[in-house]
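S.K.: These are the residues of each chain, in order.
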Amino acid sequence: GDSVTQMEGPVTLSEEAFLTINCTYTATGYPSLFWYVQYPGEGLQLLLKATKADDKGSNKGFEATYRKETTSFHLEKGSVQVSDSAVYFCALPLRGGSQGNLIFGKGTKLSVKP
Amino acid sequence: KAGVTQTPRYLIKTRGQQVTLSCSPISGHRSVSWYQQTPGQGLQFLFEYFSETQRNKGNFPGRFSGRQFSNSRSEMNVSTLELGDSALYLCASSPRLAGSTDTQYFGPGTRLTVL
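As you go down the protein sequences, you meet chains V and E in turn. Okay, so the first sequence: first residue is 1 according to the working numbering, each after it adds one. Okay, so the second sequence: first residue is 1 according to the working numbering, each after it adds one.
Source of the hints: derived by calculation from the structure; they are not laboratory data. No experiment lies behind these values; they were computed from the predicted model shown. Cβ coordinates follow ideal geometry from the N, Cα and C atoms, glycine included. There could be a bad hint or two in this list.
[Stated by the list, open to error] Computed list of lysine-lysine pairs in DSSO-like fashion (alpha-carbon distance at most 30 Å, straight line):
1) V:K52 to E:K13
2) E:K13 to V:K49
3) E:K57 to V:K77
4) V:K68 to V:K56
5) V:K113 to V:K52
6) V:K49 to V:K109
7) V:K77 to V:K56
8) V:K56 to E:K13
9) V:K68 to E:K57
10) V:K77 to V:K60
11) E:K57 to V:K52
[Said to hold, decoys possible] Calculated Cβ distances over 12 Å to all of chain V for the following chain E residues:
12) E48
13) K57
14) F64
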């Protein structure tokens, strides 16, 4: 079945460091891919998305490129800030395609130290 | 536009009781989905409602149920609560437009503690 695999956390970085959080997926077809972020004590917020192969989603300095060859959607940021400390989830729709509901990775907790 | 709202934000119940959680979607959104988040299992899909009908269901026992009203508001119910039902319950809404790439917008969640 469809699945999402994220790198295990927690990840601890110093401010201004480069961030990569790996995400790979198994799915039928070419589903849309999402990154969500959860700040402490809050629900999930959509961070970015990509709807087709080679698309690059970007938001708040974060980027992720949809790579169908490697079935990956890695999240990157060139210079992290303390305010980026949160849990990051990679996700794809439950049954592939653009409709349906989401399968999430286990989440990667990021802590950024000043 | 107001976001997804969930009530109550916190609940404490005892084993064997039942509980009802409420979700109001973003205005104009017709689909409401529910997720359970626990430290051990992560985020798991419970069910989706669209046009007052359950469209998709995750792998949860029948104690978990839900419904959607004509104004798209949704409730989920858990009967005969167990300790393992302690979790953050998240509601998400989306427009559910045919042929579109739906993005789900999440509420802040209801934190349920079962004692």
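S.K.: Look at each hint and say if it fits the structure.
M.R.: Now the hints, each set against the structure:
{"no.": "1", "hint": "V:K52 to E:K13", "verdict": "44 Å, violated"}
{"no.": "2", "hint": "E:K13 to V:K49", "verdict": "37 Å, violated"}
{"no.": "3", "hint": "E:K57 to V:K77", "verdict": "35 Å, violated"}
{"no.": "4", "hint": "V:K68 to V:K56", "verdict": "12 Å, holds"}
{"no.": "5", "hint": "V:K113 to V:K52", "verdict": "35 Å, violated"}
{"no.": "6", "hint": "V:K49 to V:K109", "verdict": "19 Å, holds"}
{"no.": "7", "hint": "V:K77 to V:K56", "verdict": "13 Å, holds"}
{"no.": "8", "hint": "V:K56 to E:K13", "verdict": "45 Å, violated"}
{"no.": "9", "hint": "V:K68 to E:K57", "verdict": "28 Å, holds"}
{"no.": "10", "hint": "V:K77 to V:K60", "verdict": "9 Å, holds"}
{"no.": "11", "hint": "E:K57 to V:K52", "verdict": "26 Å, holds"}
{"no.": "12", "hint": "E48", "verdict": "5 Å, violated"}
{"no.": "13", "hint": "K57", "verdict": "10 Å, violated"}
{"no.": "14", "hint": "F64", "verdict": "15 Å, holds"}
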